[in-house]
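K.L.:
Protein chains in written order, with this note's numbering: chain A, 2 to 358; chain B, 2 to 358.
Accuracy of the hints is not assured; some may be wrong.
Pairs count within a copy or across copies, as identical chains cannot be separated in the list.
With a Cα cut of at most 20 Å, we get these calculated PhoX-like pairs of lysine-lysine [what the hints assert, rightly or not]: (1) K347 to K18; (2) K347 to K28; (3) K327 to K292; (4) K156 to K208; (5) K280 to K156; (6) K156 to K28; (7) K327 to K179; (8) K126 to K16; (9) K216 to K320; (10) K292 to K179; (11) K208 to K179; (12) K327 to K281; (13) K347 to K81; (14) K16 to K28; (15) K320 to K179.
Bear in mind the hints are in silico, worked out from the structure with no lab data behind them. Quick caveat: nothing in here was measured; it's all calculated off a predicted structure.
2 protein chains.
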Amino acid sequence: MENQEIQITYTTTEKPKPNAESLEFGKIFTDHMFIMDYSLEDGWHSPRILPYQPITLDPAAIVFHYGQTVFEGLKAYKTKDGHVRLFRPNKNMERLNRSNRRLCIPEIDEEFALQAIRELVRLEKDWIPTAPGTSLYIRPFIISTEPYLGVAPSKRYQFIIILSPVGAYYKEGINPVKIAVEQTFVRAVNGGTGEAKTAGNYASSLKAQELVAEKGYAQVLWLDGVEKKYIEEVGSMNMFFKVDGEVITPSLNGSILEGVTRNSVITLLQHWGIPVIEKKISIDEIYQAYKDGLLEEAFGTGTAAVISPVGELSWNGEKLAINGGKIGEVSQRLYDTLTGIQYGTKEDTFNWIIEVS
Amino acid sequence: MENQEIQITYTTTEKPKPNAESLEFGKIFTDHMFIMDYSLEDGWHSPRILPYQPITLDPAAIVFHYGQTVFEGLKAYKTKDGHVRLFRPNKNMERLNRSNRRLCIPEIDEEFALQAIRELVRLEKDWIPTAPGTSLYIRPFIISTEPYLGVAPSKRYQFIIILSPVGAYYKEGINPVKIAVEQTFVRAVNGGTGEAKTAGNYASSLKAQELVAEKGYAQVLWLDGVEKKYIEEVGSMNMFFKVDGEVITPSLNGSILEGVTRNSVITLLQHWGIPVIEKKISIDEIYQAYKDGLLEEAFGTGTAAVISPVGELSWNGEKLAINGGKIGEVSQRLYDTLTGIQYGTKEDTFNWIIEVS
Ligand SMILES: Cc1ncc(COP(=O)(O)O)c(C=O)c1O
Ligand SMILES: Cc1ncc(COP(=O)(O)O)c(C=O)c1O
Numbered sequence: 002m003e004n005q006e007i008q009i010t011y012t013t014t015e016k017p018k019p020n021a022e023s024l025e026f027g028k029i030f031t032d033h034m035f036i037m038d039y040s041l042e043d044g045w046h047s048p049r050i051l052p053y054q055p056i057t058l059d060p061a062a063i064v065f066h067y068g069q070t071v072f073e074g075l076k077a078y079k080t081k082d083g084h085v086r087l088f089r090p091n092k093n094m095e096r097l098n099r100s101n102r103r104l105c106i107p108e109i110d111e112e113f114a115l116q117a118i119r120e121l122v123r124l125e126k127d128w129i130p131t132a133p134g135t136s137l138y139i140r141p142f143i144i145s146t147e148p149y150l151g152v153a154p155s156k157r158y159q160f161i162i163i164l165s166p167v168g169a170y171y172k173e174g175i176n177p178v179k180i181a182v183e184q185t186f187v188r189a190v191n192g193g194t195g196e197a198k199t200a201g202n203y204a205s206s207l208k209a210q211e212l213v214a215e216k217g218y219a220q221v222l223w224l225d226g227v228e229k230k231y232i233e234e235v236g237s238m239n240m241f242f243k244v245d246g247e248v249i250t251p252s253l254n255g256s257i258l259e260g261v262t263r264n265s266v267i268t269l270l271q272h273w274g275i276p277v278i279e280k281k282i283s284i285d286e287i288y289q290a291y292k293d294g295l296l297e298e299a300f301g302t303g304t305a306a307v308i309s310p311v312g313e314l315s316w317n318g319e320k321l322a323i324n325g326g327k328i329g330e331v332s333q334r335l336y337d338t339l340t341g342i343q344y345g346t347k348e349d350t351f352n353w354i355i356e357v358s
Numbered sequence: 002m003e004n005q006e007i008q009i010t011y012t013t014t015e016k017p018k019p020n021a022e023s024l025e026f027g028k029i030f031t032d033h034m035f036i037m038d039y040s041l042e043d044g045w046h047s048p049r050i051l052p053y054q055p056i057t058l059d060p061a062a063i064v065f066h067y068g069q070t071v072f073e074g075l076k077a078y079k080t081k082d083g084h085v086r087l088f089r090p091n092k093n094m095e096r097l098n099r100s101n102r103r104l105c106i107p108e109i110d111e112e113f114a115l116q117a118i119r120e121l122v123r124l125e126k127d128w129i130p131t132a133p134g135t136s137l138y139i140r141p142f143i144i145s146t147e148p149y150l151g152v153a154p155s156k157r158y159q160f161i162i163i164l165s166p167v168g169a170y171y172k173e174g175i176n177p178v179k180i181a182v183e184q185t186f187v188r189a190v191n192g193g194t195g196e197a198k199t200a201g202n203y204a205s206s207l208k209a210q211e212l213v214a215e216k217g218y219a220q221v222l223w224l225d226g227v228e229k230k231y232i233e234e235v236g237s238m239n240m241f242f243k244v245d246g247e248v249i250t251p252s253l254n255g256s257i258l259e260g261v262t263r264n265s266v267i268t269l270l271q272h273w274g275i276p277v278i279e280k281k282i283s284i285d286e287i288y289q290a291y292k293d294g295l296l297e298e299a300f301g302t303g304t305a306a307v308i309s310p311v312g313e314l315s316w317n318g319e320k321l322a323i324n325g326g327k328i329g330e331v332s333q334r335l336y337d338t339l340t341g342i343q344y345g346t347k348e349d350t351f352n353w354i355i356e357v358s
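Hey, can you work out the whole structure from these sequences and the hints?
P.N.:
Given below as structure tokens:
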């Protein structure tokens, strides 16, 4: 695999680059995409970069009916002096293969996939916005393409990478969000697909998300599917709480996603000597801490927002205001450090950065 | 909607019809397909029948990433005298809309969707095989087509119907299957999407299915996701047990699919005066009945097999042989009655049949 050459077909009609000010998330895509095919006979083969273009599939393709698909999400950042960098992309490739195993999709060569990302990003480097906080979102994904209505793993797949320039998540300073603890719907359960990055987990979240949005909440905080008692995660973020000087986060229990940002946050906190504990956290424990005046900070972690402080938590009809609705000290320090490393203004102590150019 | 006319474009190259003997499930498709589009401005519009052809989608289409999609499955049967009939298709359209609501997909007009099915089946009636037990499988499905990487309901959809001639499920008499009770993986949980017919439920089932297949089992019997104790359903069938003269089946608890065949079986049993009870059924209860010599029959129900008797149930390292591995009396009577109604050799007492031609 490592020796396969990526064939490149260049676009003949470059699209206009968007205005960095008006960028939204995931709506605009660059000029090229990467594709590679899988068949039982040939394994993963024919890696190629093509002009960004529609995918053509048989209407019976398994992905449409049985959702056998996985994806990843990471970003390329441009430093002040024009270097292009990825943040721990090997972690995403490892996770992609963990997702593949859960979904019975043939594993990819992680090294080669990373090489494909680098080659595509290098080609599209002029698409990486440079305004503060902007970046190029990278979406690798695998779809099952065999036309067959039986519930069985596909015999054919496509691995595709598309790129989308994205605006700053926080345009006017970091604004803590309001989130609502979900008491009816469940995102994932032990023994299910919660720890894989696969389509069905997100489809199942839409309804709850829609209902809380009507009440003015930005996101749903999921509880475990068994006892509806233990905190899992938020939409597309892992959760952290600072209680009485100690930072706690739900342990990897099989039903939450192992976030790359989560792992980086834990590493930083340990490095700083701030106690951080992974454990089962009940919503009651958080409520009690709040009542006792010990709930100091709450924040989500994920590639999109990096750190997303929570200003209000709605639970059981009560509204828990956290840190007066302002970003906490640890949240801010984590945000500054992580984005500093990503954009090259802070030292990359842990060797998290991989250069593209 | 009812007044919208379905535009038809006929194929110019008819495919050869397959040999009824060699038909498999869901691998061959007919000459035409139905498509209808949805947009926020126009709602469901532009219903049309086209030559069967690939679908072309932006690689960022929501269905590939977040699995916002639903589907249905039913069959058209040809009687000896050439009439084409559907079995309770209105039930499938109702369920499609229940699935739509769970997945935040705009509802379809059930009457119109049924009209579309009838028109497409009528056009393709020469594709309906006539050998005993064969039929034309109908797969309506809806996919989210908006190119957007945000986790939110799509603003655009396609409703598609494809048709596949399928062989007799039982080629040499009914052969009871061996199934294994799943103790590690979970298909669905209360508050999740189990009662909707949506892709993610099937994606999550692949791994367990693969593992039991290696041990010679045809299917997985799912237990509930909370206590891993109560019987849910099998792959794509609902489950029934006959214990000491009484038929029992798991009640509709929010995490199993409400099968059309299940409903028909309950109706028939009631009509025949055979006690049938919908309730929470623990695997322990079934095991105890088996030990006491009271487990008389076990069978799955679904559109594909109609009735699928279970000859062996593997649970906790034990193999429970049911009715000596032979089909039971009630299972056989249900199979004969349902297929008799479907193929027109038995009276349609309950008005379940809708004629196509
Ligand atoms: C369900 C879920 N949890 C957590 C995360 C955060 O993971 P990461 O930090 O790798 O972006 C994501 C986003 O990728 C997600 O989709
Ligand atoms: C998960 C599941 N359960 C049960 C069934 C049986 O439903 P029906 O009798 O409507 O075919 C199916 C098949 O449609 C299914 O996919």
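K.L.:
Which constraints among the numbered hints does this structure fail? Numbers only, ascending.
P.N.:
1, 2, 5 and 12
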